[in-house]
Amino acid sequence: MSSIAQLGQNQRNHRRRRLYCLLAFALLLLPAAGLIMLSGASELSYRQLLEGLFCSHDDVTHLVVWQIRLPRLIGAILGGVSLSLSGAVLQAVLKNPLAAPTTLGIAQGAAFGAALGITCSSMRASFPNIFGAFSGVTNSVLISVFAFVFSLLTTVVIILLTHLRRAGKESIILAGVALSSLFMAGTTFLQYFADETQLAMIVHWTFGDLARASWPELYLMGLVTLLSTGYFFVNRFNYNALLAGDEVAQSLGVNVVRLRLITMIIATLATSVTVTFFGILGFVGLIAPHMSRRLVGSDNCYLLPLSAIIGALILIFADISGQLLLDPVALPAGVITSFLGTPVFLLLIFGSRSS
Amino acid sequence: MGVEFKQLSFTYGKQQILDEISCNLRPGCLHAVLGVNGAGKSTLIKLLAGLLYPTSGAILLGEEHLEKLSLNQRAHRIAYVPQQQHVSDLIVFDYLLLGRKPHRCWRSVHEDDTRVFAMLKKLDLSHLSQRPLHQLSGGELQKIALARAFIQEPKVLLLDEPTSSLDLKNQLEVMEIIAEETSARNLTTIITVHDVNLALRFAEHFILMKDRNILVAGGLEVMTAPHLSQLYKLPLQLYFHEGRLQVTPS
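Line by line, the protein sequences are chains F and A.
The letter at position 347 of the first sequence is residue 419 when you use my numbering, and the numbering goes up by one with no holes.
The letter at position 55 of the second sequence is residue 454 when you use my numbering, and the numbering goes up by one with no holes.
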């Protein structure tokens, strides 16, 4: 029974099972991508879609496909990949299943930054002396910069706290929760003093919406996602080594402190970029890694790619359901992920045999 | 590869844990570090593993200074197994592949698999290969952790209380594996152990640690009733039973 040939066969089967799981989900991306391209305010047939994609006879169709549908699809994929991978690696380096972009306060930091940016942008006309330096910057860029700066600031504070005070890995999540509350209080404060237009803008910004990003923003997101994904995949064996404990990982040649720090910086950077352009897309970074872990286990060689695929799928389906649920009103994907997130997450925790 | 530490000191905050200890450890020999709780045994193991940095003194692996080696160079020479193993849902085979980490670039190769298969077979653990770590018993987990260390192909093996949470049968099995592999691979093995009889049965060299210092170190000749009584602050007596030296409280 346990000859080396048999052992080899068992291990090959084990790998094949996980690979098939990856392939199955990757194949699901195709119909999902087709659906997101077909759903939206204006009716498009398959034929029109293909024509819009590859020929430019009909200007309206071409515009709808290239400026609305395709950016949404690519945004969903990039956002899903970066949020879920960030969640997966943060869970690996912090050894905490609750680690995710939203639980660390990064998203809330971005929301506060955006609220501040919106307030400032509407004050530009009244105080040209103070905001003169930003005269060449459009309001949306200003809001994005504020959102990005504050989400990065959250990251810096969390990393500093953990390094200066040598806090435990559990404390990082607690620090994230505390920072989230602080930023939420700050956002509420700004909302209280905002006029109606500002209030509407602030509230609208926090709804994570995939339709928000334009091509230049998607290029930037694509670059950040590519680089961060590359770093995470190169380190997949190091993340596996962390599963055996920090000391064992270090004795296996992993620079644990450096890995944890760089991973946190890159993961939060990728999250910041996504949140800046799309708003808050809650739970994706938490659910996608958990679902993947249920399917392929904790081996990061399979967990990371599956998390990325499932993250993209979740965002695509959230966007499609947002388009269809209350048609003709299109709900932002962030509303759907938050609605879906809670029951799915509770199911994952309480439905788990091992818990 | 011999291990030598000279004038090794370690302080944690203001507390001195080790005070200028020196010793020479030779390859192919099982060294047992004995002492009461808090004597600095685990600290010594972690210093030798490069997980802690000495306040002063030097550690030599053969001719090389430990501090001058990179993390990966250390991982080629030293394997470390902590007292408590972290469990996860990683299956045994994938966990054992971690032992090949220092030897490979960025992907797993067929040769790595072969080494893992061979080690599973050698330690008669093949039936566990597809089991998740969290389903293993304490004894199985300890053997798998040892297998991971052997797969790392080190020259020096550092084990922090490898038998502390095991039943009698597993204690003997684990110690037999350690002793066999030590001589077969010509390893410099250093273990911390509380069970003096287990040390007497398997180890060839003993380091008795007391009050931040080495009380005495050497072969079986240092395992005398006065030394052990002084070490454990307890009157102990030694006797031969079926050709083996044994110790009991008198």
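Certain hints may be false.
[Stated by the list, open to error] Residues from chain A that keep clear of chain F, each with C-beta distances beyond 12 Å, as calculated:
id, residue
1, K445
2, Y479
3, S487
4, T513
5, H526
6, Q629
7, P648
8, S649
[As the list claims (entries may be wrong)] Quick partial rundown of chain F residues pointing at chain A, CB under 10 Å, derived from the structure:
id, residue
9, Q78
10, H86
11, N168
12, G294
13, A321
14, G325
15, N327
[To be verified] Have a look at the derived ranges for each label pair, beta carbon to beta carbon:
id, chain 1, residue 1, chain 2, residue 2, range
16, A, L459, F, S243, 47 to 53 Å
17, A, V435, F, S75, 32 to 38 Å
18, A, S408, F, Q78, 51 to 57 Å
19, F, L333, A, A457, 40 to 46 Å
20, A, P648, F, L246, 44 to 50 Å
21, A, H533, F, Q139, 46 to 52 Å
22, F, N85, A, E620, 52 to 58 Å
23, F, L101, A, L459, 40 to 46 Å
24, F, L292, A, R425, 56 to 62 Å
25, A, H526, F, V329, 33 to 39 Å
What the hints contain is simulated information worked out from the structure, not anything from laboratory work.
Built from N, CA and C at the ideal position, the CB exists for glycine as well.
Cross-check of the supplied hints:
1. K445: 8 Å, violated
2. Y479: Incorrect as stated: the minimum Cβ-Cβ distance to chain F is 4 Å, not above 12 Å.
3. S487: Check fails; 4 Å does not lie beyond 12 Å.
4. T513: Violated, because the least Cβ-Cβ distance between A/T513 and chain F comes to about 8 Å, which does not exceed 12 Å.
5. H526: 6 Å, violated
6. Q629: 32 Å, holds
7. P648: 34 Å, holds
8. S649: 38 Å, holds
9. Q78: Constraint on F/Q78 satisfied, holds at 8 Å.
10. H86: 6 Å, holds
11. N168: At about 13 Å, which exceeds the 10 Å cut-off, the nearest Cβ of chain A leaves the hint on F/N168 violated.
12. G294: 23 Å, violated
13. A321: With Cβ-Cβ at 8 Å, under 10 Å, it holds.
14. G325: 4 Å, holds
15. N327: At about 6 Å, which falls below the 10 Å cut-off, the nearest Cβ of chain A leaves the hint on F/N327 intact, so it holds.
16. A/L459 / F/S243: 47 to 53 Å: Taking Cβ atoms as reference, A/L459 and F/S243 lie about 38 Å apart, which means the hint is violated.
17. A/V435 / F/S75: 32 to 38 Å: 47 Å, violated
18. A/S408 / F/Q78: 51 to 57 Å: Holds, at about 52 Å.
19. F/L333 / A/A457: 40 to 46 Å: 29 Å, violated
20. A/P648 / F/L246: 44 to 50 Å: Holds - the Cβ-Cβ distance for A/P648 and F/L246, about 47 Å, lies within 44 to 50 Å.
21. A/H533 / F/Q139: 46 to 52 Å: 50 Å, holds
22. F/N85 / A/E620: 52 to 58 Å: 55 Å, holds
23. F/L101 / A/L459: 40 to 46 Å: At roughly 56 Å between Cβ atoms, A/L459 and F/L101 fall outside 40 to 46 Å, so the hint is violated.
24. F/L292 / A/R425: 56 to 62 Å: This hint holds: roughly 60 Å between Cβ atoms.
25. A/H526 / F/V329: 33 to 39 Å: Roughly 38 Å apart at Cβ, these two residues keep to the hinted range, so it holds.
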